[in-house]
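So the protein sequences, as listed, match chains A and B.
Start counting the first sequence at 0; every next residue gets the next number (numbering that gives the first Met the number 0).
Start counting the second sequence at 0; every next residue gets the next number (numbering that gives the first Met the number 0).
No lab work stands behind these hints: they were computed from the structure.
If you're wondering where the values come from, they're calculated on a predicted model, not measured in any experiment.
Where is the CB? At the ideal position from N, CA and C, for every residue including glycine.
Hints are not guaranteed to be accurate.
To be verified - In silico contact screen, one side only, chain A against chain B (beta carbon under 10 Å); selected entries: (1) N8; (2) I28; (3) E32; (4) L35; (5) G38; (6) S50; (7) L53; (8) G54; (9) A55; (10) K57; (11) V60; (12) D63; (13) D81; (14) A82; (15) K83; (16) V85.
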Amino acid sequence: MKYGILFKNTPSHVKKEVMEGCSYIYGEISAIERILNDGFVKPSSCIPVISAFLGAKKYLVKKDEIIYAKNLGVKTVLFYFDAKNVKFGYFDLFQREINELVEKNNEISFIIHLPIDYFSIEELNQMVGFLSKKDVSIMAAIEDKVDVIEKTHQTLSYLTKYFDTQKIQCLFNTKLEMIRAASILKANHIENAVYYA
Amino acid sequence: MSHELNKIIDQTMLRPNATKNELEQFCMEAIQYNFVCVALLPNVIKEAYSILKGTEVHIMAAISYPRGMVPKDLKVKEIDEALNDGANEIDMVLNLDAIKCGNYDLIEKEISALREATLSLTAKAILETTLLNDEEIIRVCRIASEIGIDYVKTSTGFNGNQATIHAVQLMKKSVFNKTKVKAAGGINKLDKVVQMLKAGARRIGTSAGPAIMEEYKIKKIDFNHIMTD
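Isolated chain B (complex conformation) (with noise of 0.2 Å):
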């Protein structure tokens, strides 16, 4: 199978206060650089969709972002007016504060609800790995892959939570089935990339995508060495 770095890239753009220009401009270069996805807001969908519609490009929502402290059933309200808007895929903030408690059960419905809400849209559970230890986040990641997740993702890349090696390595080696890894938040550069795709990441979170793909074309890395699975 060959790897197109392109289509590895969410690229990203989770500012509250972007302008129309800058959306509209954001959503054009995702159509140029024919990325996998443009990750969003929810409430820039409809926006995005009016200008994505017809492309290879996927919209994606961040649901409850950036701390996913809001009950399941609002989550799921969140997700449904999304997919309405035009998104066709969902990356949803776990409770956060449920998996330091222990309420797995709780992460167990949320991941559930992920799932049933988005059928077979490609559906990812976002950790924010920085702020869990190791043991919680292997709880997670066979939690999202027993119920099918396809992506768990390290980080929101807000306050700067950052994805890590360590932790996309733990998240490699905790999944199962056909559950993937995400690495977001701080991935800036085409070394980044790689070294995150080493580590085991499958999708890549990022706000510079543009920048990454012209070093890519400087550099030609090929990617099909590093990801044999």
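If we strip away everything but chain A, and leave its shape as in the complex, we get (with noise of 0.2 Å):
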């Protein structure tokens, strides 16, 4: 299984070797760049996230956010979608944001935020429906302080109903909390898993 690290604060608050140590750095764009410029990492191994870490931005600020991480000579990125357009029940906009993101960018890959605990299942059964169909990863953020193998547990049992495991990723808050779910993720075949750091 292959680990990376999302920046909570800034590659200031993060130890050189904890960054060197690991396969992925996901960070906002200018984070993202500043460590690309001081050189000890390399554009293959990070993902600017855009609209981080609520997605609540307007597509057209989304937009541009995209096309200055492409800049950075990146292959992939993170996308934190609008709730909101599900929470206030636009889901037509929560498609057309996903499908103007997929069909116009063809030549990264995305992977898409899941804040599992924002959405009833009903809203959750929907969303994922819709995203199963497009070419994209997704990153479920496993948020649970009682019991995270529980919870990574259900959400993997969810998900793999939709989608290949290779398409699925899991976010945790801690690396504790990764390594304790680490046997979870395993038997799920879960390849990539991320913390915040």
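Dock the two chains into a complex; use the hints.
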């Protein structure tokens, strides 16, 4: 299994050896640009995060973030969609955001951040059903301080009904939580996991 | 000058999973208490404007929230979009990594861009003081004051980052000209509001505005002796 880090704060708050020790580094575009300029990571290991961490920007703004990210030479971006569209019942706008994203940027790969706990099961079914028909990967945010193993198990049981396991990643609050859930990830053939650093 | 508590509260809702009903209720409460401002994410400004237009309540958009690590020009675009949608106050998160790296040229450019984009509207620069040391806080406050930003703000409230009395006092000492201090993050009771005002804050960001106002009605604290400026 490969693992990555997502900057919870800034690259300055993460030790260089932690960055060098992981397979992927996720961060906002200026954070990624800075560590690329510093020269100790390669573009292939860097994944800019668009509209981190809430997705609550207008698509016009996100579009410019994607253009900027592409110019950094990266091949993959992590995208935070606008949860408002689903919570307000504007499901057509959710579909439009994802369609525009995928159809107009076919030279790069997209990982869609999925904050499972934001949504009801009805909302999730609708969203995940739609996303499973797109050429995207999913990063499921595992938010559970009580029982991260059970939460990971439940999340993967659900998502694997819709997606191939290679297209699913899990995002944990801490490295410790990721390690605790490692056996569940392995049992479900999940190849990539990420934690906030 | 007489000070009313509601006129220093930025009633805040920065949850991306709020429903339409929750937003409507939030805005109606802001009208009821006549808060100076509602603080919202940029994607709901248009909906908030449709409810709040014609009232005294300002609409603030949180730009580049919560970490601020996008290029300056993209922040300006986000500001322009928010203003077009009806925002009339802007709180912008500064590039925290640039501050940590000592890249104050970039910070100066960001704050100047914020000032230019907002013209005479109220503009606030967010520092996230819990992630900065005193020297960094002082330096950014001075830059913001020189540029003429209306407020420097302690925290985003994101990930549990909260305002501290020390940060507010330090910021108050470091600002000059017309720049004031906004305290935000973890302020959910009247006594915390009083502490922040005593430390030098002149705006309070909170998601607990109505509860604080109800407490204020019972305790009837006179703010005029605290806020002498």
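For which of the previously enumerated hints does the structure constitute a violation, in increasing order of number?
-> 4, 5
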